[in-house]
Amino acid sequence: MIFELCATSYCVEAASAGEPTASAEAPVDLGALPPPMFDPPAASDVEPLTIKIASRLRCPVCQGMSVSDSPSKTAVEMKGRVRELVAQGYSEKQIVDYFVARYTDWVLLEPTFADHWAVWVVPGLGLGLGLAWVASTVLAWRKSAESLPSDVGELPKDSYEERLLRELDP
Amino acid sequence: MKVNVPVLLGGLFITAILVAMLGSGFGHDPREVPKALEGRVAPTFSLVSTDGDPVSLADLRGKPVIINFWSTWCQPCRQEHPLLLMAPSQYPDVVFLGVVYADEPAKVKAYLKSGGQTYPHLIDPGGRVSIDYGVAGVPETYFVDVNGLVIHKEAGPIWPDLLAELVPKMRKP
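Protein chains in written order, with the numbering used here: chain L, 1 to 170; chain B, 1001 to 1173.
Keep in mind the hints are simulated off the structure, nothing from the lab. The reader is advised that the hints may include incorrect statements.
Now the in silico label distances, taken between C-beta atoms and shown as ranges [what the hints assert, rightly or not]:
| no. | chain 1 | residue 1 | chain 2 | residue 2 | range |
| --- | --- | --- | --- | --- | --- |
| 1 | B | 1013 | L | 146 | 26 to 32 Å |
| 2 | B | 1061 | L | 36 | 26 to 32 Å |
| 3 | L | 91 | B | 1015 | 32 to 38 Å |
| 4 | B | 1040 | L | 91 | 28 to 34 Å |
| 5 | L | 47 | B | 1015 | 46 to 52 Å |
| 6 | B | 1012 | L | 167 | 45 to 51 Å |
| 7 | B | 1006 | L | 34 | 54 to 60 Å |
Quantities reported herein were computed from a predicted structural model and do not represent experimental measurements. C-beta atoms are modelled at their ideal positions from N, C-alpha and C, and glycine is treated no differently.
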């Protein structure tokens, strides 16, 4: 069964209708695809590779879920497409590029460094700046503490202390 | 109270960056998929309509084509259905194609029987064509010009003025 999630003017399907409605032999022209980089992998390797690649892809109809994890029909169909391409010998990069060409890098769960360097750099930069600020503050505290008179004996003594010292010192 | 100017300036700087990032983030819909196909050649496909007729996009090269992805469970699709029913008579040189997205053929046939049909509606086995077009929801409509280029993608229902604006552009060789 399909349940729709509609904004005012746009709907995404939200629940699985099960497996794709047809097999991989759908008559679709795939002219834009280059030839596979490798020979078809062993049957036992197809599913692990499919899951690995589908885990990198963002389900377009979900909230922050990967194609591998989502039960939505769209994600199931996308995973099926990944499976087909893996079985034909396409490399991980070729398959990811195939989806990026159609959905842009929006489809990647992990943003690329080249296009989204700020996402990778800013947290580290912020952490570094924060640590530097903490270190400089601590150093400043220590420096000011060292500048204070360290020997109590140098301080002027009141009458009680003078008397006490006199009595203790034979 | 003494103001620590460096700390104040640092705090203001960080706050300004955060506000700018939040402002940028709130300015767009994070669920909206960018329009990857605009300006590119429309992916070709060969599908079979609900009436059993084969349709190939490659055979339609040289004609303006409007491809509408839709579903029976999508209320906005139902809202734009009357406009799409009328459009082929208004623009007889334009080929209109419906592609069924994440739906069951039996429900589609029943809906078209009751709601009317003036152009072919294609069944998309495995969602292959939807994936090729980067469809992330419905309705989505792709306007393909006579050169086979996608000149516009509309996510959401289309309206008469949009057709009036885009069809002349689709006719330009």
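Hint by hint, here is what the structure shows:
1. The beta-carbon spacing between residue 1013/B and residue 146/L, approximately 31 Å, falls within the hinted interval of 26 to 32 Å.
2. Between residue 1061/B and residue 36/L the CB atoms are about 27 Å apart, so this pair conforms to the stated range of 26 to 32 Å.
3. As the Cβ distance of residue 91/L to residue 1015/B is approximately 45 Å, the hint placing it in 32 to 38 Å is violated.
4. For residue 1040/B and residue 91/L, the hinted distance range of 28 to 34 Å is not satisfied, since their beta carbons lie about 23 Å from each other.
5. For the hinted restraint 46 to 52 Å between residue 47/L and residue 1015/B, the CB-CB distance of approximately 49 Å keeps it satisfied.
6. Against the hinted window of 45 to 51 Å, the Cβ-Cβ separation of residue 1012/B and residue 167/L comes to about 59 Å, which falls outside the hint.
7. The hinted range of 54 to 60 Å is satisfied by residue 1006/B and residue 34/L, whose Cβ atoms lie roughly 56 Å apart.
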